[in-house]
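Participant: Protein chains in written order, with the numbering used here: chain A, 1 to 252; chain B, 1 to 258.
Among the hints, erroneous ones may be present.
[To be verified] Here are the in silico distance ranges between beta carbons for each label pair: (1) A/10 with B/234: 24 to 34 angstroms; (2) A/234 with B/59: 24 to 34 angstroms; (3) A/152 with B/91: 48 to 58 angstroms; (4) A/144 with B/199: 40 to 50 angstroms; (5) A/46 with B/69: 50 to 60 angstroms.
No wet-lab data here; the hints were simulated from the structure. Predicted model, so just to flag it, every value in this text is computed and none were measured. C-beta atoms are modelled at their ideal positions from N, C-alpha and C, and glycine is treated no differently.
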Amino acid sequence: MIDTNVYLSRYPFRRLYGDEPSELLSTLRKNGIAQAWASSFDALLHRDLAAVNARLAEDCRRYSNGDLLPIGSVNPTAPDWREDLRRCIAEHRMQGLRLHPAYHGYGLDHPSLAELFGLAAERNIFLQIVCTMEDERTQHPLVKAAPVALDPLPGALRRAPNLRVQLLNCRGGSPELLTALALTQRAYSDFAMIEGVHGPARWNAALGSDRVVFGSYSPFFYCEAAVLKVKEAGMDSKTLDQNAKRLLGAKR
Amino acid sequence: MTIWDLHCHPSGFGGRTPEESMAEVVRIADRMGVEKLCIYLGSLRETDPDPAQMRAHNDYILRCVQHWAHRVYGFAYVNPNHVDASLDEIRRCIRDGPLVGIKLWVARRCSDPALDPIVSAAAALKAVIFQHTWLKTTGNLPGESSPIDMATLAARFPNVPMICGHTGGNWEFGIRAVRAYPNVSVDLAGSDPTNGFTEMAVRELGAGRVIYGSDSGGRGMASQLAKLHGARVSAAAKDQIASGNLRRMLEPIVKSKA
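Only chain A is shown next, with the shape it has when bound in the complex (with noise of 0.2 angstroms):
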């Protein structure tokens, strides 16, 4: 199985099991996952972002056989980050970027958001979206971050032709929000964060069964969370995959 959502270092306010790569690979193998897509927790809150993707993409080749896929992180309102961008994908050969919003202080509706939506659009990466990434009730007070507004998100894709985005760790929608995710045709999203007995069935039926996608958020969770849902929902393994290969898109 593909698993979409996973990260590499440190998270910063506590050590969990598999924030070393090999535990991270062991832990992952023994539940079937047999390709993960890796961010660092280095990017919530360093600055130095182009050093942050350099140690993820050098980890990811050191500790894997290509089974780790690094995924980059570009914050679109710190100076220079178009170079940021360039390294992922000239120097790292980066297929996806991963956006915090929530830590680097910004909406769906930033301009340069706007700009970055085109780049990627253009050199054909698609861009996950970190919705949260620990409930806000179980946050450190000092270093509070709500969940992303994703309300601007159907209007951005819009403007954005031929973009592929995936929601991370999102807790749910409007109606109305998902409707006009669902009718983009370019929203995928994983389950990890989605709870209820029906919810990931739900998330399914309101996304579009062809726009869900595996993604644990392993280490954070531990990893079976996400593989028991595909169980207690009912989901098709083969399909999850199948979307997360088109989200990936053409081999470049």
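We have chain A; now place chain B onto it with these hints.
Facilitator: Chain B in isolation, oriented as in the chain A frame:
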């Protein structure tokens, strides 16, 4: 591994009646390998229900238990803002009925001695005592207990076993808050399946004080079972967490009813 779920709300599974909801509970429990479940709260949404509402919610649970007594254990909801009505419910549903525990939720913090007659009455019947707790970064409800409130209650009743619901949500503080009170066990239910939760609970409290629960249907059984299946603890510890500890807590009252 035999799995019993400490924390389940049938109304969250859909269905127009308690019977329909329970059919869905059992269907999903079967799929996920859960043998028995403790159920409570009915369709409760009011944070401070009056005696009539309390009774109605317990009637819902009584209906659930009626047809599925071989799969579920029912707990009676009680409200410490209505102590006499709560004692009536304990007599009606537990002493004279099939329910085996009490559920305390968010009407009044459990550090308040007003709870004491309720705890004493439940303890006299050997009923399992479950108290919801959270310690929210975003702030608790006015009557919502934290694990620190739980510790205060546990200190007043050192010989009465009780369960700290959700381990306070912020489990790294919740575990520490109740660590010194051996009569308190913790419930793994109803928070994100965060890596390390179960391991810390076992490390600090011992596997004998950690109980698996889901808080389904609001939570999936899947995400919460990951705290059991994904935890790096011994197989023996998993057995205790999965069902052994809950079985031990339920045994006195189940035997007395038999």
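Participant: Using the Cβ atoms, figure out if residue 144 of chain A sits within 40 to 50 angstroms of residue 199 of chain B.
Facilitator: Taking Cβ atoms as reference, residue 144 of chain A and residue 199 of chain B lie about 26 angstroms apart, which means the hint is violated.
Participant: CB of residue 46 of chain A to CB of residue 69 of chain B, is that within 50 to 60 angstroms?
Facilitator: Since the Cβ atoms of residue 46 of chain A and residue 69 of chain B sit about 56 angstroms apart, the hinted range of 50 to 60 angstroms holds.
Participant: Please check whether residue 152 of chain A and residue 91 of chain B have a Cβ separation lying inside 48 to 58 angstroms.
Facilitator: holds, 57 angstroms
Participant: Check the following: the C-beta atoms of residue 10 of chain A and residue 234 of chain B are separated by a distance inside 24 to 34 angstroms.
Facilitator: holds, 27 angstroms
Participant: Does the beta carbon distance between residue 234 of chain A and residue 59 of chain B stay inside 24 to 34 angstroms, or does it fall outside?
Facilitator: holds, 33 angstroms
Comparing the model with each earlier hint shows a violation of hint 4 alone; every other hint is respected.
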